Amino acid sequence: MENGPRNALTPDHENLIPRPLANAYSQAYKNQNTWSKRLRADAKIGRSLGEAGINSQAALNAWLDQMDEDIHLNLNEFEADSDALKLIPARVLKLNKVIPLDVVEDKLFIAISYPYEQRLIDEISMASGLQVIALPAYEHQIGVVMKKIMARDLRPQVDKVLQEFMQGDSASPQAEPRNAASSSKEDAPVVRLINIILNQAVLDECSDIHIDVAAQQVRVRFRIDGSLSDFLVFPLKFHAVMVSRIKVMAGLDIAEKRIPQDGRFRLAVWDREVDFRVATLPTTGGEKVVIRILDKTNVLTGLENLGLSQSNLDLVKRSLQRPHGMLLVTGSTGSGKTTTLYNILGTMDRKAQNIVTLEDPVEYSMPGINQVQVNNKAGLTFAEGLGSILRQDPDVIMLGEIRDCRTASLAVQASLTGHLVLST
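Residue numbers (our numbering): 1 to 424.
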């Protein structure tokens, strides 16, 4: 490819195409910094490809095969085309990690993470009624653009429902829970508002939702990457009906406001089942509610996808090869301690090893692993439970947390007597 592709783009097209593709089109123009600066968010990729003589998937694949290295779209500054977005439902895009890029005549250009199944391309073609041309893109960049698309769809719903909600038009919280993606007009505003909050929280991959009273207002905050940030604020008079609705969903007593309560519920969010754990706490300003989001798709991703440095990843893997010892995961709330432990368990041989966990509560069900729920009222504490587990011939023990000296002492003894102990 000494002189570049036969139909290489000229400098006039530099600002129309993401830098990696522009670099590949022609070796005659190598100033990457200039092209990066000229990258336009509304790039018409389809038009640029057409002018380069690439008008089919076969032509694109043949062109990509000529490249000396893997070529991926740069989506960092890309804004999806509104006309292209209308052709495919948002839930389908998120489920399959696909971004519509551009529509040119009878062709729909999409960004997709490679490798992909031809079946998916055929389904998108059938749904849109257009010929689909798929361009390779990095999965993490697709995720970033996808969040922008989903947030853009939810924001108008938030504004509309919040306006209705603040007008006092709220039905009884006793209504049956609905699918979290539901926003039908017959739903009460409080129901739709909570559904939108849950949708946005799952979309933002937050670990917890906090609903409390501050300065005579109700504030809704999301914990993302360990830090809390505001999502919504509205008048105090709507606090009671909102808390009552959440209690109904979690199977709690809506009349009991004097003591803390714990419950859970499961809803379909973005075409998948997500568990939510609810904890209420009476405060001087009113009941505070915290909802822990238990989404398996964001937890069991594999050790390599946790963001560990290569040295720390190697250290963890070496530690797990040892027949006994203790591995402690530490960090602030929402930093990923439990997520790390579950991914460690996911790497282990569940057939050849007896793996037992002791948790309060059990957050994610893992087939092939014996998971034990702490029950303090029945006398099954962490210390008592650990003592019983040691008589079950375990190879690996995972403790949700070490709360007292006796549990710590037993855990250390177990790690010194042929058991691998994991905890936070």
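Fair warning: there could be bad hints in the mix.
List of simulated lysine-lysine pairs, DSS-like, C-alpha gap at most 27 Å [claimed, not checked]:
1. 237 - 147
2. 237 - 160
3. 296 - 237
4. 147 - 257
5. 351 - 317
6. 147 - 351
7. 296 - 97
8. 317 - 296
9. 257 - 288
10. 351 - 288
Per label pair, the in silico range of CB-to-CB distance [to be verified]:
11. 144 - 258: 43 to 53 Å
12. 254 - 405: 15 to 25 Å
13. 258 - 388: 47 to 57 Å
14. 258 - 350: 40 to 50 Å
15. 228 - 315: 23 to 33 Å
Treat the hints as calculated values from the structure; they're not laboratory data. Just so we're clear, the structure is a prediction, and the values are computed from it rather than from any experiment. Positions of the beta carbon are idealized from the N, C-alpha and C atoms, including for glycine.
Cross-check of the supplied hints:
1. 237 - 147: Cα-Cα ~32 Å, so violated.
2. 237 - 160: 18 Å, holds
3. 296 - 237: 35 Å, violated
4. 147 - 257: Violated: residue 147 and residue 257 sit about 37 Å apart, past 27 Å.
5. 351 - 317: The given pair, whose Cα atoms are some 19 Å apart, holds under the 27 Å limit.
6. 147 - 351: 38 Å, violated
7. 296 - 97: Holds: residue 296 and residue 97 sit about 17 Å apart, inside 27 Å.
8. 317 - 296: 22 Å, holds
9. 257 - 288: 10 Å, holds
10. 351 - 288: 43 Å, violated
11. 144 - 258: 43 to 53 Å: 45 Å, holds
12. 254 - 405: 15 to 25 Å: Since residue 254 and residue 405 have Cβ atoms about 39 Å apart, the given range 15 to 25 Å is violated.
13. 258 - 388: 47 to 57 Å: Roughly 35 Å apart at Cβ, these two residues miss the hinted range, so it is violated.
14. 258 - 350: 40 to 50 Å: Check passed, 44 Å falls within 40 to 50 Å.
15. 228 - 315: 23 to 33 Å: 30 Å, holds
The structure fails hints 1, 3, 4, 6, 10, 12, 13 (numbered hints given earlier, in ascending order).
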